[in-house]
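Undergrad: Chain order of the listed sequences is A and B.
With the first sequence counted from 1, adding 2 to any position gets you the numbering used here.
With the second sequence counted from 1, adding 31 to any position gets you the numbering used here.
Straight-line distance between alpha carbons at most 30 Å, and here's what the computed BS3-like set of lysine-lysine pairs gives:
hint, chain 1, residue 1, chain 2, residue 2
1, A, Lys-122, B, Lys-469
2, B, Lys-594, B, Lys-300
3, B, Lys-296, A, Lys-113
4, B, Lys-38, B, Lys-591
5, B, Lys-438, A, Lys-84
6, A, Lys-84, A, Lys-156
7, A, Lys-164, B, Lys-438
If you are wondering where the hints come from, they were derived from the structure by calculation, not from laboratory data.
Note that this is a predicted model, so its numbers are computed, not measured.
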Amino acid sequence: MSNKDISRRDFLKTTGIATGTLIGGGLIGGLIGFNSKKTTAPTKSSNTNTNKTAETSEGKMFFTTDKDFNILAAATERIFPKDDLGPGAMELGVPYFIDRQLAGQYGSNSKEYMQGPFGKGEPTQGYQSRLTRAEIFIQGVQTLESEAQKRYKKSFTDITDKERDVILTALQKDEVKMKGVTAGFFFSLLRSATIEGAYSDPLYGGNRNMEGWRMKGFPGHQMSYINVIEKEGFQKIEPRSLGMH
Amino acid sequence: MVKTMPKVDVVTVGVGWTGGIVAAECTKAGLKVVGLERGKDRGTANFANVHDEYRYAIRYELMQDLSKETVTFRNNRKQQALPMRQLGSFLLGEGLGGAGTHWNGQTYRFLPYDFELKTMTEKKYGKNFLGKDYQILDWGLTYDEVEPYFDKFEKTAGISGEENPLGPKRSDNYPNKPMKKTPLLKKFETASKKLGYHPYMIPSANLSAPYKNPYGQTINACQYCGFCERFGCEYGAKATPEVAVIPTALKSGKYEIRFNSNVVKVLTKGDKATGVKYIDTVTGEEYIQPADIVVLTSYMMNNAKLLMVSNIGTMYNPETGKGTLGRNYCYQIMPGATGFFDEQFNTFMGAGALGNCFDDFNGDNFDHSKLGFIHGANIALTQLGNRPIGNNPTHSDTPLWGAEWKKDSIMNYTRSLSVGGQGASIPYKENFLTLDPKYKDAYGVPLLQVNYDFTDQDKKLHKFISAKCGEVLKEMGAKKVEIRAELTNYNIVPYQSTHNTGGTVMSKTPEEGVVNNYLQHWDCENLFAVGAGAFANNSGYNPTDTVGALAFRCTEGIIKYSKKGGSLV
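So that you can see chain B by itself, here it is in the shape it has in the complex (with noise of 0.2 Å):
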């Protein structure tokens, strides 16, 4: 028997940023909301012991529990496509908080280049610069219009940074000084000024300074204990969604978290949404949660599998390329270089979003006209704390184990440094999500199916941007240094990055893509799915500024529909 609860304003699929800006935003309007979350509930007080790199960072204690559901992966049509078993390649996060928990705090606003990609790409060099099979679209948002947002995500998650010199324009400062430049992002300041760069410290969500955001919430200062990425913070000293927005939400009597609450569909009648129906995943039960506006706010991929579980839209042909639900999935590409000294850093201290970088190679800050590829990459050096299982550098030539390797990661873990890229990702025609027709959840409901490898276009930025990393290196002064090895085909063993973007992207028109610019369902007007689905393609920096400014774009439709019904554009 399905139970049926008693009707909401709104109901948020997941709880992480995205859901919790807008249970914050919505309940201050006045709306009653639920958050249906299927992981756990976890907090501050559950990181005492957190300083355990085996339990978090190998073991994924705080990631998704994939024997309950994962993804399939191939990197082409031909192949077949299983499951991804174990994590690897990215890190699904589940519970209160989701990958906001346990994410690093590098917090960069995209460029104004990559909300209207299209247009300023044909605009500089022509129509067919990349060839038709990349899928490259504007946003249907401009920079300009998405600054406020930008402005409110970063003033409630304290960010600690500085101007960038080529960065767009800013309404405000950062509400917290960057922090503190240490001997190693020093060395590499001055190299990159040496070659004529621009660098500046990555804007972090570890703060600086104590800090008490809009909505009254305090975030600590972070004490650099190195253990940040994959592990939640023991002094709150990280914004996340439950330090900085959950609590002002639950403390307006509007909010209720459901935790352990699997949604499996979207409930629809004509083209409304009526609201969802979840399993309790402690008893098994299932429940309807009516309300009159649904919000995906679940991981992009995730959102994708819901919309397409439950019929809702029209699915991407890759034969065609026609439909849009599950195009343009993209990733990030991580070039970069290791340089080897004679000097011994304190490598093993550090913060996630510790770092000093340059964008001089990043969007269209440099001209592309002779390289084959768009874009670029963010390149810095970050120190994020080296924990020793997870960090054993050796020269490439050096064997895989026994005592040449024992002697040469020892000596390379406080001796060698990386300086890399995060490149930006372009849509392409055979990278998309759709459902997978043979492997199934715990829950009986397909699984999504990844089919991702890398372009030509990947291929010609990495080699580019590694080569880059290498000389600022050099500058450094290395006595030597490895540039990283071209890219092959893509490979979902090895961790590279938790910024999976798009499958659910915005667009200008119903043609191009899955909602409108405020996040809200072109098919579905009082359904929105927010979060990197929504980017038409990746940038050269981390997602997460963009995703929280979404959220915020997103929240400010949702009440102005509530208000008044109907298409928000």
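Only chain A is shown next, with the shape it has when bound in the complex (with noise of 0.2 Å):
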């Protein structure tokens, strides 16, 4: 962070917000105003935090084999594909996303109930595999590479775009078996984390250089926009993340 911005904590505790002392009248706004002014041009020091970060952000934390996180990688990018618009998956680091999370709460379910029995269920009741997200993944993964290997006999990472997309969408529709899980069910998680990590703030290792959020049009993490929502048109507002604070 330069030390020309006014980071966000400064902010809130000269202001007294955070500590709820002073009541926000015109120079909260005032300040505001200056503060989400600053934030509409890129800044250098972004620059370089995020080139910083991309050289400690491929670890792996979860995944124990290159080969099972090359599949995983390879059906993120069929679901959120490199385009005319802007990048796909792999290049916004979505699977070192879903690799975090899987090695988390996210994987563990540390959240959820997760007590017995369990019981099939009807699609109205939601999730009901004693697996855990972790479980899944693992088992989901290594279902591709068995499907790709049983219809083409060829690795999954090895097949073309179109055969991809056969197995993805039979996983999708239900057609291929897994083991304390359905497939569909697995295709929806799969779906739901790709998504996450091209959108979600780029501190979860996802979202890289904020290209996801570039792409769509969403600014990210702004203290206001109070001086702008009136405005007749679209405001195109240059992103910020959590960590630019």
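Hints are included, so try docking the two chains, each in its own frame, into the full complex.
TA: Structural data, given as structure tokens:
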């Protein structure tokens, strides 16, 4: 963070909002205007920041083999492919995002009710698998691979995009068997996680360089729109991430 | 060994809006109050990093930890009820402020029609318009009787709004002017007026100006940052319990909040409550908190569950229609339409209660005699601040993934608008709450079981209102309008609304409901249960204004009771 920027934390501290000692009148309005104007152009410091983090963001904390990881990566790229609008899942770092998520709370379903007995249930009753997301993803990735071997005698990473889509569609439609969970459920998890990786704050390892946000026209973390929300016409605002405080 | 704490005048179970209001008012009246909150302490200072969609909106940072407790669910009695293993359809709160911390702040008054649903429906449409399986009730309290409490809550929360042209009479204006009318809202307003409707700005708890409430608490001015629903406000600009009422109670010196305190039972002796038993979730130790008055101020689900596991009142039986505890569980019907435009809108800016709406098809503001359903919906266009993970609007014939999906969802993120209704939910015989016979929470207490499905009434209402939403979008100039698909079975997976109501309904007589019109339990005079559980039906609006109003009503009852005892009605 450059010294010139008023950091968000300092901002809250100096205005007293964080401690609740000050009432938000003209002072705050003025500061916010100042701050949000400052954020409309990309700053040099933001670019250096992202390059620096890229060096350290490619380790794996969940997957134990490159093979499984590369299968996951190839699948996410088919869900969110690179096109003329901008990068796809791989360039955005989505596989790394998913790898980190699977290593943490998300992967172990630690905030979810995981007590048995486990019934099959109706679709309207939602998630009823005894498996955690981490277990489902590993099995799901291996299912993608075994389907590729079965259908095309090649690895999922070596088949064509079209062939990958055939397999992913078969999973989506529940035409492939998995253990303890349906293929359709794995597919819906994979789809959601891919979108989450493309559009979450870069601090999670995806949405690299905020390219996901830029593609979509979402300015990320802005402190305020109070000075622009009444303006006619679309406001193009350079995105900011939480790490740029 | 269970440890018994020193006795207090009032103990509340849960510290959100209702617990906060009870505490602020009772301490003002000189009563000593303890609030037991199963979650942790939190407030404005904790929200400095809140602009994080993934953490707060997708992974539910502020919501209930379901590994400890959830509910089970089935659509009907033939199915096996199974646990809601992850959050979806509704988002249960936890921690100081409860769901009042991460609410949007849309603050409507329920209609006179809601409070006298049975009498007014029968008067106009005859005795059996919907059929006997729809268990409509009067609340035992009229709009005119609730009006002063609405006024009190709106002043406490600093609601920013303007008069609803079709609304019931008010004793005073909203304490603050409405929020900014953005180009999007103007577009909706113009189209609605052209169609002959009566639009107005949504009454908002995101404040249009800094405000000091009657308790002396300051609520700041909203910055329209677009992170409101599912988030806490880093500016203290959203009226929440921890900003608007709890500091007042704490300042009195007569209030203590005990965090990580999960109440498992209401204790009784004869026909009175003696206190509650709770577990310190950090140490696992059990405590008894004796009190002269016990007030259930947790979410409606947990209020109902605590009465059930404590064996207080008569369980509702869907076979016979007898019994009251668990009856009239209602939800919210979500009709609407999406319009696709060529121009780009600032859909990412906004606030939780920024919107324009009309009530021409809400309540009994239109004739239902040939429609086969009653009530309706408030129809609105909101500008909440659409975030990119949760908002991927596509045409209905676009595939769910791949190149086409990517292009369509990115294009329409800023080029599509939704007009939606919040449909009223009418009580039905088979929609009820009970205790699950199989599944338990982390403390060995049975889970609450939700039995719920959409009814014919719901389906007709949904279809009717969705079509109206589509007409507004067409008038707004959408090049293509897609009406929401017709309702089938209720599904607990996709998010719909955290407006669950009923189960501990208020009523004119003990045969019809669980609490009287002071929210005092019919069978246990020093026990009160306050919240949306008391609603005999849900309206075509967000519930919080009515929840807040009932909390003030309840507190008046508690204070009266503390002096005289006995039944308040």
